[in-house]
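Respectively, the protein sequence lines represent chains A and B.
Numbering follows numbering that gives the first Met the number 0, with no gaps: position 34 of the first sequence is 33.
Numbering follows numbering that gives the first Met the number 0, with no gaps: position 77 of the second sequence is 76.
The set of hints was computed from the structure by calculation and includes no laboratory data.
Be aware that a few hints might be false.
It does not matter which identical chain is used: a pair holds within one copy or between any two.
[Said to hold, decoys possible] Pairs of lysine to any residue residues, derived as SDA-like cross-links and limited to a Cα-Cα distance of at most 25 Å, are as follows:
#	residue 1	residue 2
1	141	178
2	110	13
3	42	70
4	110	19
5	4	42
6	110	187
7	39	141
8	110	17
9	12	142
10	110	11
11	20	184
12	80	109
13	12	117
14	4	80
15	16	47
16	49	103
17	162	72
18	46	81
19	105	133
Number of protein chains: 2
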Amino acid sequence: MELLKQRIQRDGKVIGKDILKVDSFLNHQIDVQLLNEMGKEFKRMFKDEKITKILTVEASGIGISCITAQYFGVPVIFAKKTESKNLDGETYESEVYSFTRGKTYKIRVSKRYIGPEDRVLIIDDFLANGKAVLGLKDIIGKANALLVGVGIVIEKGFQEGGKILRSQGIRIHSLAIIKSMDSGKIEFEEDEF
Amino acid sequence: MELLKQRIQRDGKVIGKDILKVDSFLNHQIDVQLLNEMGKEFKRMFKDEKITKILTVEASGIGISCITAQYFGVPVIFAKKTESKNLDGETYESEVYSFTRGKTYKIRVSKRYIGPEDRVLIIDDFLANGKAVLGLKDIIGKANALLVGVGIVIEKGFQEGGKILRSQGIRIHSLAIIKSMDSGKIEFEEDEF
Chain A
0 MELLKQRIQR DGKVIGKDIL KVDSFLNHQI DVQLLNEMGK EFKRMFKDEK ITKILTVEAS
60 GIGISCITAQ YFGVPVIFAK KTESKNLDGE TYESEVYSFT RGKTYKIRVS KRYIGPEDRV
120 LIIDDFLANG KAVLGLKDII GKANALLVGV GIVIEKGFQE GGKILRSQGI RIHSLAIIKS
180 MDSGKIEFEE DEF
Chain B
0 MELLKQRIQR DGKVIGKDIL KVDSFLNHQI DVQLLNEMGK EFKRMFKDEK ITKILTVEAS
60 GIGISCITAQ YFGVPVIFAK KTESKNLDGE TYESEVYSFT RGKTYKIRVS KRYIGPEDRV
120 LIIDDFLANG KAVLGLKDII GKANALLVGV GIVIEKGFQE GGKILRSQGI RIHSLAIIKS
180 MDSGKIEFEE DEF
């Protein structure tokens with residue numbers, strides 16, 4: 000997605016070899032207009048899939064998921080990372096290792112909101128090692144729902160997540176795939192569509 | 000907001016004396032269509048305030064903030080609760096005690112995204128004891144920005160948050176104010192507008 004790539008080049012900050020800061024428009028301050036363009040793009044990619052739910056993980060996946068959900072006319076479910084009195088006991092759970100936070104955490108989705116009738120689109124802001132998506136896929140499987148596809152804003156193509164997921168036959172569309180960020184220079188792969 | 004009150008009556012679950020579960024449409028599964036109606040309402044209430052930023056706290060404030068931001072044409076900033084490599088060192092911080100989680104946590108906003116020129120609207124899903132809003136207000140003050148108002152989806156009118164904030168002269172609009180939830184029966188205060 001050209002608009003997104005331009006924005007990453009303009010405002011993204013590369014830290015070291017593998018950290019890309021986009022907190023000026025994606026995961027701290029959020030440019031909602033840009034999110035709308037992303038949402039339209041996800042709709043274009045998955046419009047024939049009869050999506051019934053969009054699934055993401057708190058926190059930075061929530062904004063793009065809610066904006067995107069407007070184009071599909073379906074609810075969003077965000078998996079919770081923390082125990083909360085606001086969540087019932089009856090949940091599907093999975094474990095996710097976060098390299099960003101350097102620890103493993105549980106993600107939970109209430110059994111009430113996902114089931115065998117659901118055709119689920121996973122949306123997230125980043126795809127790096129793929130652990131978060133695999134955790135969500137695990138939960139979708141436990142609910143006997145169908146994982147229809149994965150929509151990612153920024154994929155770190157130089158990490159293994161995309162390869163692992165695609166090798167499992169999961170349909171992934173990433174709006175921007177970064178080939179390399181060596182010496183602070185961001186290079187993108189060609190759009191797949 | 001009548002539509003919201005009806006939804007709370009229909010789908011809200013009262014646990015004990017002061018916990019209201021709305022995870023079927025607000026803070027776990029999210030009804031984005033309903034959020035759009037809320038966003039229009041917040042716009043109607045604050046349309047003359049020349050809002051430049053919408054500020055919230057992760058995670059459950061992000062969805063309603065992003066949908067609402069579409070009506071104001073401004074960015075959303077969500078305060079982070081956790082240390083993260085994705086956030087720069089230079090942050091405004093405040094401390095918030097969460098009764099839901101039963102602990103105090105820090106919230107952080109990068110100094111880069113809020114400043115003296117900003118007219119800030121705080122949006123959050125719940126107002127109970129008011130600690131989260133006070134933490135955000137503290138950060139807005141440290142940034143020398145102006146807190147223009149607070150838009151709340153559900154205010155627990157029987158807890159002290161609303162009173163404390165209004166006594167400080169803060170303009171609060173809550174889409175639904177719960178007068179009492181005794182013995183599981185939800186009673187609302189009359190709309191203030």
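Hint check results:
| no. | hint | in the structure |
| --- | --- | --- |
| 1 | 141 - 178 | neither (34 Å within a copy, 40 Å between copies) |
| 2 | 110 - 13 | between (39 Å within a copy, 19 Å between copies) |
| 3 | 42 - 70 | both (6 Å within a copy, 21 Å between copies) |
| 4 | 110 - 19 | between (35 Å within a copy, 19 Å between copies) |
| 5 | 4 - 42 | within (19 Å within a copy, 31 Å between copies) |
| 6 | 110 - 187 | neither (39 Å within a copy, 29 Å between copies) |
| 7 | 39 - 141 | neither (30 Å within a copy, 37 Å between copies) |
| 8 | 110 - 17 | between (36 Å within a copy, 24 Å between copies) |
| 9 | 12 - 142 | between (38 Å within a copy, 23 Å between copies) |
| 10 | 110 - 11 | between (38 Å within a copy, 17 Å between copies) |
| 11 | 20 - 184 | within (13 Å within a copy, 47 Å between copies) |
| 12 | 80 - 109 | both (12 Å within a copy, 23 Å between copies) |
| 13 | 12 - 117 | between (38 Å within a copy, 24 Å between copies) |
| 14 | 4 - 80 | neither (30 Å within a copy, 28 Å between copies) |
| 15 | 16 - 47 | neither (38 Å within a copy, 46 Å between copies) |
| 16 | 49 - 103 | neither (33 Å within a copy, 43 Å between copies) |
| 17 | 162 - 72 | neither (30 Å within a copy, 37 Å between copies) |
| 18 | 46 - 81 | neither (33 Å within a copy, 35 Å between copies) |
| 19 | 105 - 133 | within (12 Å within a copy, 30 Å between copies) |
Checked against the numbered hints above, the structure breaks hints 1, 6, 7, 14, 15, 16, 17, 18 and satisfies the rest.
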